[in-house]
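**Student:** Take a look at the letters that make up each chain.
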Amino acid sequence: MSSTPLAIETHDVRRIYKIRGGKRKGEAKTLIALDGVSLEVPRGELFGLLGPNGAGKTTLIKILATLLLPSSGTAKVDGLDVTTQTQEVRRRISMVSGGETSGFGLLTVEENLWMFARFYGLDNKTIKSRLAEMMQMVGIYDRRSTKISDLSTGLRQKMNFIRGFISDPSVVFLDEPTLGLDVTAARDVRGFVKDWMAQNPDRTLLLTTHYMAEADELCDRLAIIDRGKTLICDTPENLKRRLQSETIFHLKIQPLRKPTSPENVVEAVPGVRSVTIADQTDFSELRLSLQGEEALPAVLSHLSGRGSGLLSLEKREPTLEDVFIQLVGRRLDEDTNLNGTGEER
Amino acid sequence: MTTLSPVRPEGERPMGFADRLLSLPFVQRSDALRSFILGAWLGWQIESNWADPLLFAVYSFARPIASVMILVVMYSVITDGATQQPIFAYIYLGNALYIIVGGVLGGISWAVIDDREHYRTAKQLYTSPLVGYAYLCGRGAARLLIGAISTIIVTVFGVLLFGIPITIGSIDLPFLIASIMLGLTSLSGLGLIIGAISFQLGRNAWQAGELISGALYLFTGALFPLDILPPVLREIGLIFPATYWLEAMRRALLGTNMIGFPTFAALDNTAIAFILLIMSVGLWVSAAFVYRWSMRQAREKGVIDLETNY
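So the protein sequences, as listed, match chains A and B. Numbered according to my numbering, the first sequence terminates at residue 345, and the numbering increases by one at each position without gaps. Numbered according to my numbering, the second sequence terminates at residue 310, and the numbering increases by one at each position without gaps.
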């Protein structure tokens, strides 16, 4: 292993995709997926990348995992340049993506894991002991002789996890690892990650997720990334502390009517710092960030004036989602604009 | 409810032989050798697909025999059943051997598309320290083996049923071994070039190997001697190793029973082997450059793990 204290280091990484079908013939259309990302992740850290779909998380992981070249800037893993020292980087890393339905379906779990362990040059004795230990750890030991094509999504993801960790990599990239998993399987996966980090304090793990609670539970430090840019990078506690001066309320209200004028919106109510609204079938959910509790009556009055009665109200401690909304101006599951429709509320 | 496949009993793991090879000290030290053996092991699991022996038998035995029978029937109709003529052995053997050419040229590009589109494992494979060209050659080797089995079956079938004049006495064993080694080396070099370029192609990548081997079928003397072609088209055939390999294999197997044609009359066995050697070196040097270039391009464009869902 390298003696460098940094496991991951990126400096001003940009990635631009050329897209077919420009407006005019011969004109290349481009998409900026990463726009000058600089990160430093020390060895032994579980680092999270948090951002909505299309933020650039997977692009950054693909660059670090040697699948993609940056358009400019430098990226290093374990002190090795991912562009020029590809094979050396690959010896030290592994990558597990969530929602993968991939796999050589005709192989058994054991055969598939054996093959990947052999790619990393592990000897038979090591493979046998690690396989038995890890399969028991994630609860698929009794399925070791089952063909991959016969595994459920959750079991397949557990197998993929073992594939990612069996080589004892210095740096592991987990790209949305619990995507598509049921609650129990997701909890098992998170438990495995925590145990592995506890047992291997000199190893580094980079996790991308758009599940705020997952990032909060697992990460030592995280960066919020949006539209290819890093907005902030700190510990979850410090990020939430930024919002200590704010009061967060979650309201469930009757469906909100459209405002009568552009000024007649919730944001215009005195004391409101930010608001996001998610419309459900029979009600709307509001997440309010206020300067203080004293601003709440004015908000309720405003809502009442727009014909929307209060169904429930809850005061909450700031979460990472609140931090995200403050920084990005929208919820993580929204695409663009305030409510995902471009419509002001 | 999910139906599970039968659990394979302990100790009957199919990786047993590969496992022993991989445990050899010099193999453990070499990324390339490990990648080749694992690629070949995986390719064999996929290609042989022992889960359905009937399908495997049909694919390996019945299909090549059926395809060569079409040719035999056509030949018999045109020549009024003159299968004892030396030209029949020339054509029959050319077709039997061309199964291997198709397997080697198409096998590697097929592996690229198979990993990327069918199994969707390219991301897992190409972030591990496998040596890509060695792994792909291993995958191609499995296809070559299936092709070789088919070729042997078709050839034995021809000797027994149609009197193709291959005898112990007619076989030039040293030249046969040299021809097989040089031919397969040069063809796999060409196959690797096609496979490497397949990384740049999207949904049409699976056709690349078949397109090229199909096109070469007309120009390499598999179906008819090059002498029949117009001089310009004959020159096309002369730049491909398959042309010389087919000539070498016919000479090695048929000996004096082989019919000669003017195109290769001036070349003795040594000259043909030398040409194959030069081509092998040239194609492997080119393959190394093309592979490196193509992988760099694939990383540049982000298409190593491209999934088009074609």
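Careful: at least some of the hints might be erroneous.
[What the hints assert, rightly or not] Simulated restraints, written as ranges between beta carbons of each label pair: (1) A:Y17 / B:S23: 37 to 45 angstroms; (2) B:L176 / A:K125: 40 to 48 angstroms; (3) B:S23 / A:K29: 34 to 42 angstroms; (4) B:Y59 / A:D168: 56 to 64 angstroms; (5) B:V156 / A:Q199: 54 to 62 angstroms; (6) B:P86 / A:Y17: 58 to 66 angstroms.
[As the list claims (entries may be wrong)] Chain B stretches covered by chain A per the calculated footprint, using a threshold of three residues with CB under 8 angstroms from any CB of chain A: (7) 23 to 36; (8) 89 to 102.
The hints are simulated quantities; they were obtained by calculation from the structure and are not laboratory data. For glycine and all other residues, C-beta sits at the position ideal for the given N, C-alpha and C.
**Student:** Which of the numbered hints above does this structure break?
**Tutor:** Violated hints: 3, 4 and 8; rest satisfied.
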